[in-house]
Amino acid sequence: MPSPTDTRLDAEQAYVAGVYRRLDELRSRTQQRLEEVRRAGANGTHQNRSERDAFATLYEDRLALLNSVEERLVFGRLDMREGDSRYIGRIGLSDADHHPLLTDWRAPAARPFYQATAAHPQGVTRRRHIQTRGRSVVGIEDDVLDLDALGSAGDVAGQGALFAALAEHRTGRMGDIVATIQSEQDEIIRSGADGVLVVQGGPGTGKTAVALHRAAYLLYAHRERMERSGVLIIGPSPVFLRYIEQVLPALGATGVVSMTMADIVPGVEATATETDEVATIKGRSVWKDIIARAIRARQRVLDPREMTVGAVRLTLRPEEVRTAQTRARRTGQGHNRARVTFVRVMLRFLAEQYMHKVEGVGEEDFPDIVDDIRSARDVRVALNLSWLPLTAEGIVGDLFTKPHRLAEAAPELSARERQLLHRPELTAWTPADIPLIDEAAELLGEDDEGAQARARARAAERQAAVAYAEEMLEGTGLGGGIVTAEMLAERFTDRGASATLAERALADRSWSYAHVVVDEAQELSDMAWRALLRRNPARSMTIVGDVAQVATRAGTRDWERLRTQVPGSWRVETLTVNYRTPAAVMEAARAVAAAADPDLPPLELTSARDVPGALEILQPVDLEDALRSTVAAEEAAGGSVAVIVPTSEVDHYAQVLGISARADLTEPVVVLDPGASKGVEFDRVVLVDPAKIQRESAGPGDLYVAMSRCTQRLVVLAGGELPAGMPTPA
Numbered sequence: 001m002p003s004p005t006d007t008r009l010d011a012e013q014a015y016v017a018g019v020y021r022r023l024d025e026l027r028s029r030t031q032q033r034l035e036e037v038r039r040a041g042a043n044g045t046h047q048n049r050s051e052r053d054a055f056a057t058l059y060e061d062r063l064a065l066l067n068s069v070e071e072r073l074v075f076g077r078l079d080m081r082e083g084d085s086r087y088i089g090r091i092g093l094s095d096a097d098h099h100p101l102l103t104d105w106r107a108p109a110a111r112p113f114y115q116a117t118a119a120h121p122q123g124v125t126r127r128r129h130i131q132t133r134g135r136s137v138v139g140i141e142d143d144v145l146d147l148d149a150l151g152s153a154g155d156v157a158g159q160g161a162l163f164a165a166l167a168e169h170r171t172g173r174m175g176d177i178v179a180t181i182q183s184e185q186d187e188i189i190r191s192g193a194d195g196v197l198v199v200q201g202g203p204g205t206g207k208t209a210v211a212l213h214r215a216a217y218l219l220y221a222h223r224e225r226m227e228r229s230g231v232l233i234i235g236p237s238p239v240f241l242r243y244i245e246q247v248l249p250a251l252g253a254t255g256v257v258s259m260t261m262a263d264i265v266p267g268v269e270a271t272a273t274e275t276d277e278v279a280t281i282k283g284r285s286v287w288k289d290i291i292a293r294a295i296r297a298r299q300r301v302l303d304p305r306e307m308t309v310g311a312v313r314l315t316l317r318p319e320e321v322r323t324a325q326t327r328a329r330r331t332g333q334g335h336n337r338a339r340v341t342f343v344r345v346m347l348r349f350l351a352e353q354y355m356h357k358v359e360g361v362g363e364e365d366f367p368d369i370v371d372d373i374r375s376a377r378d379v380r381v382a383l384n385l386s387w388l389p390l391t392a393e394g395i396v397g398d399l400f401t402k403p404h405r406l407a408e409a410a411p412e413l414s415a416r417e418r419q420l421l422h423r424p425e426l427t428a429w430t431p432a433d434i435p436l437i438d439e440a441a442e443l444l445g446e447d448d449e450g451a452q453a454r455a456r457a458r459a460a461e462r463q464a465a466v467a468y469a470e471e472m473l474e475g476t477g478l479g480g481g482i483v484t485a486e487m488l489a490e491r492f493t494d495r496g497a498s499a500t501l502a503e504r505a506l507a508d509r510s511w512s513y514a515h516v517v518v519d520e521a522q523e524l525s526d527m528a529w530r531a532l533l534r535r536n537p538a539r540s541m542t543i544v545g546d547v548a549q550v551a552t553r554a555g556t557r558d559w560e561r562l563r564t565q566v567p568g569s570w571r572v573e574t575l576t577v578n579y580r581t582p583a584a585v586m587e588a589a590r591a592v593a594a595a596a597d598p599d600l601p602p603l604e605l606t607s608a609r610d611v612p613g614a615l616e617i618l619q620p621v622d623l624e625d626a627l628r629s630t631v632a633a634e635e636a637a638g639g640s641v642a643v644i645v646p647t648s649e650v651d652h653y654a655q656v657l658g659i660s661a662r663a664d665l666t667e668p669v670v671v672l673d674p675g676a677s678k679g680v681e682f683d684r685v686v687l688v689d690p691a692k693i694q695r696e697s698a699g700p701g702d703l704y705v706a707m708s709r710c711t712q713r714l715v716v717l718a719g720g721e722l723p724a725g726m727p728t729p730a
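In case it helps, our numbering puts the sequence shown at residues 1 to 730.
Honestly, the hints are just simulated from the structure, not real lab data.
Among these hints, one or two may not hold up.
[Unchecked claim] With a straight-line Cα cutoff of 20 Å, these simulated SDA-like cross-link-like pairs (lysine to any residue) come out:
id, residue 1, residue 2
1, LYS288, GLY397
2, LYS288, LYS402
3, LYS288, ARG337
4, LYS357, PRO367
5, LYS357, GLU306
6, LYS288, ALA594
7, LYS402, PRO367
8, LYS402, ARG418
9, LYS288, PHE400
10, LYS357, MET307
11, LYS357, THR308
12, LYS692, PRO727
13, LYS288, ARG553
14, LYS357, LYS402
15, LYS692, ALA594
[Claimed, not checked] FRET-style restraints, in silico, Cβ to Cβ:
id, residue 1, residue 2, range
16, PRO567, ARG423, 32 to 38 Å
17, GLY725, SER85, 51 to 57 Å
18, ALA595, SER85, 49 to 55 Å
19, HIS356, ARG423, 48 to 54 Å
20, THR500, THR323, 46 to 52 Å
21, PRO367, ARG296, 31 to 37 Å
22, ALA583, ARG296, 55 to 61 Å
23, ALA583, THR7, 53 to 59 Å
24, PRO567, ARG223, 52 to 58 Å
25, ARG423, VAL621, 56 to 62 Å
26, ASP610, GLU635, 23 to 29 Å
We treat Cβ as the ideally placed atom computed from N, Cα and C, and that holds for glycine.
Build out the structure end to end from the sequences listed, making use of the hints.
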């Protein structure tokens, strides 16, 4: 006779199997429709081809969504006081008769799964966590919230689902927490999209997971607004972006662009490095004035000079140059666009000179005269010297390679600071250069006279496409909330048909995103924030970080200070429970950070887990031998292993271990510096030479981060002295 537990498992298995059958039906139907559209080929009118393109995209996106939710499609059930049950999963599904089978975790109806408590059951009698492996139900755990209404306690498991998830081995890729979101996290995830939301939390509180789930929720709750412009996610490193890349697709979210601040300017790569002191100088907000002066210095008033246009000699007059420059500046446009006005005014002045000197010409000859003057070499040289077309990289590069340019534009910097910034030649950019290049690009504007005309043409084209898409959706009855007229319109234009939103956004420096998520936000400089704000004029942002983990002097230790850089409606939420790091490890990390910086803000953090043997500190005689044996032992114990070493020693210790220095988090053992480990977690961490990590860092943040990456165990190998605050070996 089957046990009550087996009976419950069998019942849930039957239901879950039915949901997967419906998923397979929808996949098959969508695939069939996609193939029918593709078989139609590229015949017919442009409008017909555009329509087929649009529907092909609709089916492709739908198919990608249905394929992305295969794992843990169903993970919860709510039994309601009224007697009905509501299954919770990654997406919403209904049967052929439109009866709900599965409620999307982002829908309002799913909120009690995360928010209901025994004190406030919200109409829920029992919350069931359904654990699956593939399509098989392997476990269930129940939280009874209203015993009187339920009639029996059933299998009560409290928060077992959460702690089972925390105990799982890490795979080198971040997983979602959609089945185990806690109440304080859910409140943040579902909060409104308007304004700036700061999420402060210590290590292991789930800040990153909350930020990503919030992005997925906003894309669901504000679909039309968010998918039209997309959501930008800024991460601290390429390693971090690879770590999180699977989370949002698994949550059914599209329209997301991920990058680091070093990638913010299309076509400009940052491959060089520099000291934190130099990066800090470059991060100051004063650079907005320095770059503006550097550009203004290229708007010169030359001494009078003679210019030859055919057989006519004209004079460049300083007073006319000043007048033309003033009129150009009054347009409020960037340097390169305003140059069009400058040239037009100067050509008028020179044409009037020409007409006074040459008899027999009148206003009817004016266009031809202007063409002759414009094409004259002397005139082109003089006008370029007076208002030269500029590039952002040229402006910033000259400031670093030509000391007189920097001295002229940056009186706020000391002689020593200017010397630190000097480079004999510029062979590569650093990450701190990129916001400066972005600032220069903003002040310069486009240098194409037809840019505005093209923008107007694109706007008119889009308006017509949206109108047609609305008619088509209304006439066919398609869409049903899955696709909007705006989404189809993207495919009715050549731009939309050839590139995804992410591709277009990545290629367009001036792209405006509907929402911006910034992880490890405490690391961003003032100039980096200016670059981000240009991309989010609506000031809809989720800023995630921990001021105690700041690792650069260019960053912030005070969110209130940041408010001056990121104006708008602000609110701050604090996550207080560390679900990741064992209590003993977290206590040691905090002690080391506090010893290095007594002014460190007090920690609002409670560790949820106490793992026996989680911390071991060794001072071996032979550090390299100890490292090899320690890594072998930790790898044998199972799970992912990270070896975190001083930044200057990554290549060396990778060679000692015989592995690649390139951080591939899917490998069982990786070697990282503290910066690359930021935002990432591992089962086991071997920390090498913590004193040197501290010496190489601008503050206590790097070592604090490195010590708090593990979920099971931290082994510290110190070849010499221990940092202050570090527990002594037993």
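* Range hint 55 to 61 Å: satisfied by the CB atoms of ALA583 and ARG296? -> holds (57 Å)
* Is the straight-line distance between the alpha-carbon of LYS288 and that of ALA594 20 Å or less? -> With Cα atoms ~35 Å apart, LYS288 and ALA594 exceed 20 Å; violated.
* Asked: Do the alpha carbons of LYS357 and PRO367 lie within 20 Å of each other, as the hint requires?
  -> OK: LYS357 and PRO367 at ~17 Å, within 20 Å.
* To do: For the pair supplied as a hint, LYS357 and THR308, confirm whether the alpha-carbon distance does not exceed 20 Å.
  => holds (13 Å)
* **Pair hint LYS692 and PRO727, alpha-carbon separation not exceeding 20 Å** => holds (17 Å)
* Asked: Given the proposed pairing of LYS692 with ALA594, does the C-alpha separation stay at or below 20 Å?
  -> holds (17 Å)
* Does the Cβ pair THR500, THR323 satisfy 46 to 52 Å? -> At 48 Å between Cβs, range holds.
* Are the Cα positions of LYS288 and PHE400 separated by 20 Å at most? -> Holds, because 15 Å separates the two Cα atoms, which is no more than 20 Å.
* Asked: Is the gap between the beta carbons of PRO367 and ARG296 within 31 to 37 Å?
  -> holds (32 Å)
* Asked: Would you say the C-beta atoms of GLY725 and SER85 sit inside 51 to 57 Å of each other?
  -> Given a distance of about 52 Å, which is inside 51 to 57 Å, the answer is holds.
* Asked: Is the hinted range of 32 to 38 Å satisfied by the C-beta distance from PRO567 to ARG423?
  -> holds (34 Å)
* Assessment of proposed distance window 23 to 29 Å (beta carbons of ASP610, GLU635) -> Between ASP610 and GLU635, where Cβ atoms are some 24 Å apart, the hint holds.
This entry does not satisfy hints 6, 7, 14, 23, 24 and 25, going by the numbered hints stated previously.
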